[in-house]
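Since the structure of chain A is already known, use the hints to place chains B and C on it.
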Amino acid sequence: MRRKYVRALSTTALAAVMVAAAGCQDTGGSTADSAKCGGKIAIFGAFTGDNAGLVIPSLNGAKLAVEQHNTAKPDCQVTLQEFDTQGAPDQATPIANQVAGDQSYLGVIGGHFSGESDATMLTYQAAGMAMVSPSATRIDLSQKGVKSFFRVVGHDGTQAAAVTAYLKRQNAQKVFVIDDGSAYGAGITAELGKLLGPLQVSTDKIQERQNQFDATVSKVKSASPDWIFYGGYTREAAPLVRQLRAANVTAKFIAPDGLYDTAFPEGASGGAEGAIVTCPCLPADKAGGTFAADYQKKYNIAPGSYGAEGYDAAKIFLDAFEAGKQTRADILEFVRTYDKQGTSKYIKFDANGDVDPTKVVIWAYQVKGNEIVPLEELKIS
Amino acid sequence: MNFDELFGHLGQHTVDGLAKGAIYALIALGYTLVYGVLRLINFAHSEVFVVGTFAVLGVWTAVGLENNPPVAQAALFLLLGLAAAALASGGTALVIERLAYRPLRRRNAPPLVFLITAIGLSLVIVEILGQLLPDTLGGTMTTLFGRPRQVVGMPTIIESKPLFTIAGTSITNVQFITLIAALVMMALLDWFINRTKYGRGVRAVAQNPETAALMGVNQDRVIMLIFVLGGVMAGAAALLWSMRTGITQNELGFVLGLKAFTAAVLGGIGNLRGALLGGLLLGVVEVYAATLYNSSWEDVVAFVVLVVVLMFRPTGLLGESLGRARA
Amino acid sequence: MIDKLREVDDRRRALLGGIGARWRALSRGQRFLAGAAMVVFAYYLPSFGKIPGTNLIIPGLVSLRTDYMDGGSNWSGVLFTCAIYVLVAIGLNVVVGLAGLLDLGYIGFFAIGAYSVALFGSLNSPVVHWLQQTFDLPSTWAVTWAICLPIAVALTMISGVLLGWPTLRLRGDYLAIVTLGFGEIIRIFARNMTEVTRGSQGINGIPGPEGAPSADNQYFGLIDPKWWYFLAITVVLLMVFAVWRLENSRVGRAWLAIREDEDAAAVMGVYGFKYKLWAFAIGAALGGLAGFLFASRYAFIDPTQFNVRLSILFVAMVVVGGSGNMVGVAFGAVLLAYLPERFRAIEDYRWLAFGVAMVLVMVLRPQGLIPSRRRARELEDRAKEAAASV
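Protein chains in written order, with numbering that gives the first Met the number 0: chain A, 0 to 380; chain B, 0 to 326; chain C, 0 to 389.
With the rest of the complex left out, here is chain A (with noise of 0.2 Å):
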């Protein structure tokens, strides 16, 4: 028994020496100074898991928009690293607390969600990081003091007043507002409930992943409205409003942009036709450069809901780089004060870190078939 225990110990010493010897410097963290341009940013959000397909063009945009630089500008390299949160925010600070202690990061783009996003602004902004976000609208999130969180979308507000401009101009009289509970939704639904006032005539709450919507659809005949609101996603849009078109309801249908997704007309099989989504983001043609026909080609699918967010939200950074930002520091001051027309709005952010209320653009588009077209531009004032 003793003789095991002295070979232990003696295994356990020599591999200590080992490891001493074989010990080296821990270079984590350091940049290389030799590049005068270039840097790491990093993206977190949803890129597996059961939202991904909410992300993942935001984030294909993103990688398009580093690597059209990467190619155009080779003295300049641009690495763009992916974090996965799945969506949720305690997955989200744990990346937080790597990106904003790894220096060698000089900004992020994220997140995708409102929650993670509000989870995590504190630390970014403690680490002195510009914070993009291309996808989170809670309205909330841009006021609560944090310097260093900006967005590249329209928060609820915004897109709440988009409707409501649509459906005013529409001459709507009822409209059924229904919602799923999400944060995006709820939160959207919530606002457009205070714009609409006495038009708004009854409402419907489903949950997450619901499939069946008998009550629903119940309660909407009842009601006979001319119009449906829904705010969500596609998930539950699909089923909703091919199982309303089924029940022969034939109130217009209108949802913001969480539907901005050729999966929503895929998903519904003909039941979408002519419904309207608002977009605070412009038509490909209108946006002047090619992203809609790269990302088309790069990806073989169309760029779906904030796919042009994502691009956008990566220039940014691939703007301050070019302009020879090489700190934390400067590039949030660079962030802070950018001014430039972007693929999918004009891009210049107010003090609470919004884009500027007056350079929004909205559109309304409409689902024909499989695609959804621009319809017309819309005013919010």
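If you are wondering where the hints come from, they were derived from the structure by calculation, not from laboratory data.
Don't take each hint at face value.
[Unchecked claim] Quick list of the computed label-pair ranges, beta carbon to beta carbon:
#1 B:Thr168 / A:Ala292: 48 to 58 Å
#2 A:Ala292 / C:Arg11: 49 to 59 Å
#3 B:Val94 / C:Gly16: 29 to 39 Å
#4 B:Glu209 / C:Phe40: 48 to 58 Å
#5 A:Lys193 / B:Gly167: 32 to 42 Å
#6 B:Leu75 / C:Lys383: 35 to 45 Å
#7 B:Ala82 / C:Arg372: 35 to 45 Å
#8 A:Gln142 / C:Thr233: 33 to 43 Å
#9 B:Glu209 / C:Asp9: 25 to 35 Å
#10 C:Met192 / A:Arg208: 11 to 21 Å
Every residue gets a Cβ at the ideal spot worked out from N, C-alpha and C, and that includes glycine.
Frame of chain A; chains B and C shown alone:
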């Protein structure tokens, strides 16, 4: 609280609920059959159903179904879909039994182990349908699997139209077919279990496996049979589901499985007629709850009803026992 | 293939058995020393693979960390998650492993613990606003973190008793579905009661030991979560000790008796219901404690974090690790928290691999990876019975 709406159209809501519950009932049969014989909860059964919906979608895509085909064609395609779904679901159930449950049974593992295995299996099937297949076949079969984890739409096979109206309650053709088909499948299963030679074997094993074995009943064959039967019922549910909702998705099974299992427990797990009663009741309760408040509360109401029923009738409404009910 | 795996697994088991035997052969003093060494190791973990006080790293070990790969998460952060899961596993083990009650809705207690500190401790919570208005308190007032702790534990214990009272009379499988429903109901309430919980918008600014999250906090700051891990591991060690004492007490033996044969236990004068309720309440309190730490650390919670999937994952931790054995369940918890983080490279296929692993472990080793000796013997008996009856 919208009592006016509920009681104003009580008949309509009841019919809606029954149609919704018919699908729960068909899925619940799978839980109940397996539980009745093996006393274990086959949590992977919900995925058996999902495989069925994909099979329906696959067949309909293969034959090039368009929205609202003529009646004869629709009938043919429904039968084709039923065959495909029954085959796919039954096959999946059988594979689950052979690959995962049989080795565990050989060792007489405790129920908890079956449960965790089943959860692992569900995860595997969900991920294969949602990620592996779209990734590997995505290019050639986008219509079938769509983008990873995305909801996939199917063509409308029967346009929903009011079939007849009784006292202000209109029943649509889709609801009618759903209900009748579910009842027919139920009756067939009930006949099979209670009136045929094979059914007698199933009941014998359910009552007392050792004695049944002594009497020459091949236990493994009986167990395979019940898994296949449960799978076929799930396949029928998958067809009705595809007709009614027109969508499928890899993670569809989780919520539905939970509901169907609740239905089985509500009626008395292990009891075929209990599954039917539980399913229909759950569907109706859910629609009532969603009408009174809104859909986001229907799960709460469904579970509260379950707890209340279990408190007063601890083995469900009709009691347990697959064999004993008629023995 | 299966046979080969079995062979490997048998060798692993022999090794484990060897370790177990050797551990039991140690004298009290040696055991104490080994235990102390393990505790020291637990506190060393955040700098795992590094030599403290220097910049040196140990190349082989460092690759086990999650932050030495692209897209990896913060190592202390992952450790914190592991510690929380271990706490959950220990609590659930009291219910599932010791008392033998299948609880699929453990997430409900976790959520109640988390919401206790969020609702009473955060300045953004509607409950705090209401208290401020009703009692005319300043707008910076909220319940301190240290007082939220007993609130959380008390609330979860009460909810454990409330859930257990009507349902514990039900048989195992029914209990499973009812508890599952309970977990869902808590989540749905958190989501739908917007006036109380802010619904799906979530609550932020949840306090920690040093108050609301802020970059000025000395230990529990925003960037390095090391101290959160230290806090969590301390709680875990204390609770491991407490549950270990409980396991070897009168109550622990009563649980064992009930699990083995409830009727026999009743004959011997062990009143099953009372002890089951105790197991439920204690398990619930531990779950609530875990939820409390969880919410404090992340400073933000919303209802989507408390879904049934996580609840089922909790049960999987216990069963895969080895239900009934604290070392086993802790190992299961660490595995299930750590592996998905370490193997981010296979991102999209993480869950597929996870599912396959779960099935394999259960088919090959139904008693779990590190089973309790008593449970392993029970299972062997069952297997023998099965062999005899076929």
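Going down the list of hints, with the structure as the test:
no.	hint	result
1	B:Thr168 / A:Ala292: 48 to 58 Å	53 Å, holds
2	A:Ala292 / C:Arg11: 49 to 59 Å	56 Å, holds
3	B:Val94 / C:Gly16: 29 to 39 Å	34 Å, holds
4	B:Glu209 / C:Phe40: 48 to 58 Å	51 Å, holds
5	A:Lys193 / B:Gly167: 32 to 42 Å	37 Å, holds
6	B:Leu75 / C:Lys383: 35 to 45 Å	55 Å, violated
7	B:Ala82 / C:Arg372: 35 to 45 Å	52 Å, violated
8	A:Gln142 / C:Thr233: 33 to 43 Å	37 Å, holds
9	B:Glu209 / C:Asp9: 25 to 35 Å	30 Å, holds
10	C:Met192 / A:Arg208: 11 to 21 Å	20 Å, holds
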